[in-house]
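Undergrad: With chain A fixed as given, assemble chain B onto it according to the hints.
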Amino acid sequence: MSCSRQIIVSLVVLLLLIGSVIPDRAVRSHGLGKQQLERVETGPFRVSAWTDPLSIDTDDELHVTIAIEDERGLVLNADIEVKAVYGDDDAIQERARATHDNAANKLHYEAPLTLPREGRWDLTVTIETDQGSGEASFDLTVEAAETSIPWSWIGGGIGGVLVIGFVVGNRIRLARQEKDMQRT
Amino acid sequence: MDPTFRAFLQSWDWRLDIIVVLLAFGLAYTAGWLRLRRKGAKLANRWRLGSYYLGLVFLVIALMSGIDTFQTQLFFIHMVQHVFLFMLAPPLLLLANPMPFLMWAIPGPERRQIARLFTQRSRFRKMLVSVTTPTVIWFIFAANLWLWHDPNPYNAAITNDFLHDIEHWLFFITGLGFWWHVTNAAPKFHRQRTDAARMALIIMVYFQNLLLGVAITMSPDVIYTHYESVPRVWGISVMQDQMLGGLIMWIPGGMMYLIALLILIARMIDRSERRARMGDQQRRLQLERVPSR
Numbered sequence: 000m001s002c003s004r005q006i007i008v009s010l011v012v013l014l015l016l017i018g019s020v021i022p023d024r025a026v027r028s029h030g031l032g033k034q035q036l037e038r039v040e041t042g043p044f045r046v047s048a049w050t051d052p053l054s055i056d057t058d059d060e061l062h063v064t065i066a067i068e069d070e071r072g073l074v075l076n077a078d079i080e081v082k083a084v085y086g087d088d089d090a091i092q093e094r095a096r097a098t099h100d101n102a103a104n105k106l107h108y109e110a111p112l113t114l115p116r117e118g119r120w121d122l123t124v125t126i127e128t129d130q131g132s133g134e135a136s137f138d139l140t141v142e143a144a145e146t147s148i149p150w151s152w153i154g155g156g157i158g159g160v161l162v163i164g165f166v167v168g169n170r171i172r173l174a175r176q177e178k179d180m181q182r183t
Numbered sequence: 000m001d002p003t004f005r006a007f008l009q010s011w012d013w014r015l016d017i018i019v020v021l022l023a024f025g026l027a028y029t030a031g032w033l034r035l036r037r038k039g040a041k042l043a044n045r046w047r048l049g050s051y052y053l054g055l056v057f058l059v060i061a062l063m064s065g066i067d068t069f070q071t072q073l074f075f076i077h078m079v080q081h082v083f084l085f086m087l088a089p090p091l092l093l094l095a096n097p098m099p100f101l102m103w104a105i106p107g108p109e110r111r112q113i114a115r116l117f118t119q120r121s122r123f124r125k126m127l128v129s130v131t132t133p134t135v136i137w138f139i140f141a142a143n144l145w146l147w148h149d150p151n152p153y154n155a156a157i158t159n160d161f162l163h164d165i166e167h168w169l170f171f172i173t174g175l176g177f178w179w180h181v182t183n184a185a186p187k188f189h190r191q192r193t194d195a196a197r198m199a200l201i202i203m204v205y206f207q208n209l210l211l212g213v214a215i216t217m218s219p220d221v222i223y224t225h226y227e228s229v230p231r232v233w234g235i236s237v238m239q240d241q242m243l244g245g246l247i248m249w250i251p252g253g254m255m256y257l258i259a260l261l262i263l264i265a266r267m268i269d270r271s272e273r274r275a276r277m278g279d280q281q282r283r284l285q286l287e288r289v290p291s292r
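Protein chains in written order, with numbering that gives the first Met the number 0: chain A, 0 to 183; chain B, 0 to 292.
Incorrect hints may have been included.
[To be verified] Pairs of lysine to aspartate or glutamate residues, derived as DMTMM-like cross-links and limited to a Cα-Cα distance of at most 25 Å, are as follows:
#1 A:Lys-33 / B:Asp-149
#2 A:Lys-33 / B:Asp-160
#3 A:Lys-33 / B:Asp-12
[What the hints assert, rightly or not] Reference excerpt, derived from the structure (chain A facing chain B, CB under 8 Å, subset only):
#4 Ser-47
#5 Leu-53
#6 Phe-165
#7 Val-166
#8 Arg-170
For the record, the hints were derived by calculation from the structure and aren't laboratory data. Small disclaimer: the values here were computed from a predicted structure and weren't measured. The C-beta atom is built at its ideal place from N, Cα and C for all residues, glycine as well.
Pulled out of the complex, with its shape left as it was, chain A reads as follows (with noise of 0.2 Å):
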């Protein structure tokens, strides 16, 4: 096997195995979102929270990311609960802890939640330390989700598509004009 194939081996291998070690999570967890708690003030605590993606529909995965303040800066043994509940239907709800692992900022914490139905949605965040505890709340609308157009693949694609054809093209015409050359 030549050097450069070897290369390219290692290279489809390498991304195999980037593609299996990288959790899904922190892939997409890049950046804060929407805020919707700014520097609340609840117990002893400030609370800021932001939601991501900025508009959800009932398909996304919604990231709940909070930062806890007290007098001495930022709070980082917090045990946080995200509640939301459905419009006034208590019934419906959905719940997830807030951690440091779920948040690519380790001075955050995150919470995963799928809110199922479209509509308004309260959420509540719920803090517990030795020092004390609090709470703050925030709604957000939740659109119907729509099939989305997965313009990233497209983009891919095509561009795979236009070098695949590039590389048979050249393949073709280098190949006719050997041909040719025999011929004459």
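TA: Below, chain B alone, put in the same frame as chain A:
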């Protein structure tokens, strides 16, 4: 260890899109380097390979480490990220002269076909020459830098991943354009790439960078209001953070231009000394040839 600093070190955002692109370019460069090395090309030396890898490492750190995840909370970290993206990674990648190596990573028939795009008569080359003159590059570089440091696009980009990625790509690409002229890396289309022209380009870019850095540092008000809405880290106030960010742009950022300028001056002096020495030698030889009366 300070828990905030530990969190900074642990805050990696492994993005598959970035990893795939950087890995593909790293492996393509290595494949081309190995091919040229086997052919005995002097171009394929170890320091070039090292410089290219180091440039890729700076990109990895800028785009996926705590520098990327903390920039939403600290302005000065965002400025460090920008310095990495347009002042450190591009010159290191271009000092490795990547064009021939990337070309040699492509199979022969396709390489020859692509090389046609860069021949003297090629329209593509002519178009590329006209849109990449030092003046055009300077204008795009400066406009891009000032645009993204206006508070409105800045605040928009910091909360929107898509815009933020565009901002970073533009910083990196305009950085590549500027450093391409400075490092004189291939492809060498522009005839007027003399040391003096390159020095003039560096000075022009340096002054607009200096102006922006000073304006941010000296501002009496908070320019980037996004940072007022996020929790403070390490007890740094929004104003202190802004001043620090401006200083990073002003001093370490400016240092890169000055280093490049000093290297070019040193090269100019060295070349003129060599020319003078050669002139002396020729004069001495002529005098020796003249028969003494």
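Undergrad: Against each hint, give a clear statement of whether it holds in the structure.
TA: Outcome of the hint check:
1. Taking the CA atoms of Lys-33 (chain A) and Asp-149 (chain B), the gap is about 20 Å. The hint holds against a cut of 25 Å.
2. With a C-alpha separation of about 11 Å, the suggested pair Lys-33 (chain A) and Asp-160 (chain B) falls inside the 25 Å cut-off, and the hint holds.
3. Among the hinted pairs, Lys-33 (chain A) with Asp-12 (chain B) is consistent with the structure: their alpha-carbon atoms are about 19 Å apart, no more than 25 Å.
4. The criterion of a C-beta within 8 Å of any C-beta in chain B is met by Ser-47 (chain A), whose closest approach is roughly 6 Å, and the hint holds.
5. A distance limit of 8 Å between C-beta atoms decides the matter here; for Leu-53 (chain A) the minimum to chain B is near 7 Å, and the interface restraint holds.
6. At its closest, the beta carbon of Phe-165 (chain A) sits 7 Å from a beta carbon of chain B; the interface hint therefore holds under the 8 Å criterion.
7. Taking 8 Å as the C-beta contact cut-off toward chain B, the hint placing Val-166 (chain A) at the interface holds, the least distance being around 6 Å.
8. Hint status for Arg-170 (chain A) relative to chain B: holds, with the closest Cβ pair at about 7 Å, below 8 Å.
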